[in-house]
Structure formats: C-alpha cells, structure tokens
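Using the sequences and the accompanying hints, generate a full structural model.
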Amino acid sequence: MPLSVGLDTAVSGLRVAQYSVDTAAHNIANADTEGYSRQEVMQRAVPPPRSRYGAGGVPYQQIGHGVEMSGVRRLRDALLDTQYRDVRGRHDEYLARSSALDQTEVIINEPSDQGLQARLSEFFNSFKDLATQPESVAARAATVEEGVTLASAFNRTANMLAYQRESLDVSLDMKVADINAKTTEVASLNKEIHRMSVTGASANDLLDRRDLLLDDLAGLAGATSKLDDQGMVQVFVGDDLIVDGVDSFALTTQPDPGNNNLRQVVFADGAAPLDFTSGEVFATIAVRDGEVSDMIASIDTLAETLITAINDAHQGGYGLNNVTGLDFFEGDSAATIKVNETLRGSPESLATSARPDEPGNTTVAVALAAVGDQKLMSGGTATLNDAYAMDVAKLGIASRQSTLLAENQVALLGHVDNVRQSVSGVAIDEEMANLIKGQKAYQASAKAISAIDEMLDTLINRTLR
Amino acid sequence: MTTQTDPQTAIISVLEEEQRLCTRLLAVAEAQRDALIAQDIDTLPALVREMEGIGGIVEQLEAGRILEMERFTGSQDEAALPLRAVLARFPEPSRTRAEQLRESLSDVIQRLHTVNVGNAALARQALQITDQQAHLLRATVPVTYSTGGAPTNPETAGRAWWA
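In order, the protein sequence lines correspond to chains R and Y. Start counting the first sequence at 0; every next residue gets the next number (numbering that gives the first Met the number 0). Start counting the second sequence at 0; every next residue gets the next number (numbering that gives the first Met the number 0).
Just so you know, the hints here were simulated from the structure itself, not pulled from any lab data. Built from N, CA and C at the ideal position, the CB exists for glycine as well. Don't take each hint at face value.
Sample of chain Y residues at the chain R side, in silico, Cβ under 10 angstroms [to be verified]:
#1 40
#2 96
#3 129
#4 136
Listing some non-contacts, in silico: residues in chain R with all C-beta distances to chain Y over 10 angstroms [to be verified]:
#5 76
#6 270
#7 273
#8 369
#9 395
#10 411
#11 457
Sample of chain Y residues lacking proximity to chain R, with all beta carbon distances greater than 10 angstroms (derived) [unchecked claim]:
#12 9
#13 12
#14 15
#15 16
#16 21
#17 23
#18 63
#19 70
#20 71
#21 72
#22 91
#23 93
Okay, here's the thing in structure tokens:
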C-alpha cells in the first residue's frame, strides 16, 4: 500500500534524524573542547531490493525506500594538520629557546652596576687610585675589597649559569617522560581505533584524542606522523620511529661522556641517540650546549686570563711589609676565583712596589692597573672587557632573534590554527544559521506538498473514475 | 467569424498537456524526496518553486477541460459525469486516443501521489528535527543576546558575544 511505504520511509528518516540530533548535541557540548573535530551524519537513500515489484504491484524502483545512515564523518583536513604540526614544532622550539635565553640574559645582567663589565672596570680603577697613594692602608683595603667584589661577581655568574645549564639538562628527563607517556597512548589509541574500524563502530572521539597527542608531540619533539596501510599512525623523530602501529619505543636520557656528561636522549632499548630537529627538546639541548655552555666557557676564559695576568704582575712585587711572591687571586675558573686570604687579612701585603723597602714605588701598582688595557684575549686582539662585551653582545643578538622568531611563529601558528578550526571547529552561530535556513526550506516544502496533494485528490476523483 | 477548435480535440490536447506536466511533476517530487533524505536545503527551494508553478498550470488546464466538457456534452450536469463516460461518446479514432491518455494520466497521478505521501512524512520529520536542534542551540546563546540577535542588556550591547 502506498501509504505504508510512506510511513516506512518516515520511520527510517526519524531513526537517522535522531542520530543527527545526537551528533549536533555532541558537537555543541564539545564546542570548547581542545582538539575536538565537528562531526556530521552521512545519509543515503536505501537501495531497492532485488524483487521488481512491491505492494500494490508498483515497481520497486519507483518507490522511495527511506534513508539509512552511512556513517558519522569527522570534519578534519589532514593537510592542514600536517601544516599545523610543522609550524607547531618551530613555534614551541622558538618559544623554549627565547625563554631560556631571556633567563641567561638575566643572569649575565649587563649592562648594570653589578655586572662583570662594571666590576672589572672598578677593579682596575682601584689600582690606578692605589698608585697615587701606595702607602695608604685604606686604599689598599679598598683595592682588595674590589677584588673580592669582582671575584664574587664571577662566582655568582658562573654558579647561576651552571645552575641554568643543569636545569636545562634535568628538564630533559621530564620532557622525555612526557614524550613516552604520549607515544604509549598513541600506540594504545592506534590499537583501539583499528579494532573499532574493523567492527564498523565510530572512533571519531578517539581519532580526535590521537590527533591532539600528535600535535603535542610535534611541539615537544618536532615529531612527524603518517598513516600506515592499516590506518594506524606511525610517529617519527627525524628518521627514527617512536611509534609503529600498536608499538611505542620508549626513550630515556643518559650521560654523554663526549659532552661533559650532559644528558643525551636515546632509545631505552639499544641506547641509540635520536636526532631532534625542532620542538622543545631540540631548543633545550641547543641552548644548553650552545649559548649557555659558550657563556660558561667565556667567563671561565676571562677569569683564567685575569687570574694569570694579575698574579704574574703581583708575585714579583713587594708589599708595605716587604712581603713578596704572593698571588692576588686563587682558583682557576670563574666559579673558584677568590682573593688570597692573606691579602684580605693583611692589606699591607698587597704588592705595589718593584723593590723592597720602597713603599712609595708604584711600579707594580701601575702594572696591575695596566692589565685592564692589555690585549690578552681573542688571540691578542681584545682587552678583557672588550672580549667580554663581545660575548654579551652575541648573547643579546641571539636572544633578540629568538624573541622575534617566536613572535612570528606565534602569529603563524594562530593563522594555521584558525584555518584548521574553520574546517573542524564548531561554530554555534553558523549552526544556528543553517538550522533557520533548514526550517524555512522544510516549511516551504511541506506547504507545497500539501497543495499538490489537494490538486491530486481532485485529479484522482475526476480522471480515475 | 472565428473558427473554434472542436471540444474533443481540445479535451485531448488538455489530457496530453496534463500528462506531460504530471510526468514532470513526478520527477520533481522524486528529486524533492532525494533532497529531503539528504537534508539538501540548498536544492529544496528551487524544487518547491517548480512544483508550485506546475501545480498552478495543471489547475488552469483542469478548469479549461471542464469548460470543454460542458461544450461537448452541452450541459453542466453531463459535464460532471465521470471522464470515462464522457470519453466513451467520442467518435473513433478520438475515443481510443483519449482513453489511452486517460489511463496513462491515471498511472502518473497514482505514482505521484505515492511519492508525495512519502515526502510529506519526510518534511514533517525534518521540521521536528530542526526544531529539536534549534532548541539545543538556543541554550548556548549568551543571556545578553536574544535568539533574534538583539542585545537584551543595553550595558553589554557593545560587547562581542564571547565577552
């Protein structure tokens, strides 16, 4: 009977439409969920059965058989995802780098009255003052005190740089643990998604979770991914697989004897090192082994050169009490430099004279002051202060560049994410506009169908009789 | 003096035109069914316009056919007789031709009626679903804006909806 066919069609339409409502509700509930992709129900007309005729002798191909759901589609653009992850790797790398270099600049604290440059200048100026009043105990004490202040500045800077390097180093453990947690979950999701797809169930929410993890791995490790022929994701760091289908390969850190026993990231099974090329881990290692280590080496060289030059000039001199052969500084690095305790307790022992019993002789005091103007650094081309100023400037340029790159990458990531959201995101106002448009279209259709129905009733009565 | 077409020829012409238009209307109704199933709201308005247009023409043709039947039978009472009975009075070969057209038209109308009943149910369900979805979405609209878009709180009228 034609009417029953119409009812069957309506029932199937209702069943599918209920899925649409449930899907719309799911979209709305997750409008603000990070990583959520909008879903839509796909429908198709039910194909006619093999028998040629249905009820009432009407050929089947002429009768509508209703609608069935062919799936729930997740609105996601794989190409945009790849673009996003590429940009995200650089974004997180530059942000981590910029943040670390900002900390380094704070430690160096230049230009300032407490920085090494100012302290070096004051130290050498104090010898110039002492040369004008070599018999003054107060002037001697002041010079010794400048030495103490300078040594403290070296110690503090060296210790803080070492602490920053150690912090960066230790942070690798946490980052590796985070990578391992995410790769384990990706492998688990691969397994679950594959199982659901084989049974025909929808795994859209699991797919969203997996994509979110892949985004995070891109930022953390510069990881790339691709689908294998089973629909499972493989994840790479460089050319190394860290996830292959249902298997994940754990990473760990171990000391690198070739790099001051600082940590390197290796596979837990086999200890082969990984080659990071972007992301947070890459930036952490680059700053730790680059700018921070370079700065540590720089102030160590500065301290060693200062210690050697000052001690060479001081040892040959005589104090007010004719003491000779003393070092001014002890130690051999920025972390260990300190003023000779003998001088701290007895400023009279500070050597200013080239000969005994000549307290007014200022030859050694002048020589000590001149160390500041001697080109002892960079192969004999720069003074102590000039060499240090160049290293500070280099650090400043690297830091500014990182900040600029980070700002650019933030804008770029925002743009790519917006484009991605335009495909995947849930826009409530767009959904409402579509609904209003749909309501009008369905109302007009219902009205037209009703009018045709009346016309047909009249025609049937007139022509079928 | 104008020569008027004889009523038999006129009635046959109307039946031919009605059959052609109803066949077209059937195709439109089937397209409307597919659009309702696929929730293709962009296609539906054009189909509605075509349905209404064809429906109007068919109604006019029917009115014309009734007048020609009155002219043929000579009385309004006899024009109200079933079409089959009136066509039986046609001379051959017009009678055979007219009867074929009547059967063909009846067949198309039956099929059109079937599709239309299904479409009515589909349209009703689609309206119920969109009403349910609109109800869901209305709950997400911020209180500072009415569902029509007008700000309800003048103090926040200048703010974006997410503010």
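Checked hints:
1. 40: holds, 4 angstroms
2. 96: violated, 15 angstroms
3. 129: holds, 5 angstroms
4. 136: Since chain R brings a Cβ to about 5 angstroms from residue 136 of chain Y, closer than 10 angstroms, the hint holds.
5. 76: At roughly 22 angstroms from the nearest Cβ of chain Y, residue 76 of chain R sits farther out than 10 angstroms, so the non-interface label holds.
6. 270: Label holds. Min Cβ-Cβ 50 angstroms, cutoff 10 angstroms.
7. 273: Label holds. Min Cβ-Cβ 42 angstroms, cutoff 10 angstroms.
8. 369: Answer for residue 369 of chain R: holds, closest chain Y Cβ roughly 67 angstroms.
9. 395: It holds; residue 395 of chain R is separated from chain Y by about 39 angstroms at its closest Cβ, greater than 10 angstroms.
10. 411: holds, 23 angstroms
11. 457: violated, 7 angstroms
12. 9: Nearest chain R Cβ is 16 angstroms from residue 9 of chain Y, so the label holds.
13. 12: Holds, since 15 angstroms exceeds 10 angstroms.
14. 15: holds, 13 angstroms
15. 16: Non-interface label on residue 16 of chain Y holds, nearest chain R Cβ at 13 angstroms vs cutoff 10 angstroms.
16. 21: violated, 8 angstroms
17. 23: Given that every Cβ of chain R is farther than 10 angstroms from that of residue 23 of chain Y, nearest at about 12 angstroms, it holds.
18. 63: Given that every Cβ of chain R is farther than 10 angstroms from that of residue 63 of chain Y, nearest at about 13 angstroms, it holds.
19. 70: holds, 17 angstroms
20. 71: Non-interface label on residue 71 of chain Y holds, nearest chain R Cβ at 15 angstroms vs cutoff 10 angstroms.
21. 72: holds, 14 angstroms
22. 91: holds, 21 angstroms
23. 93: Correct as stated: the minimum Cβ-Cβ distance to chain R is 17 angstroms, above 10 angstroms.
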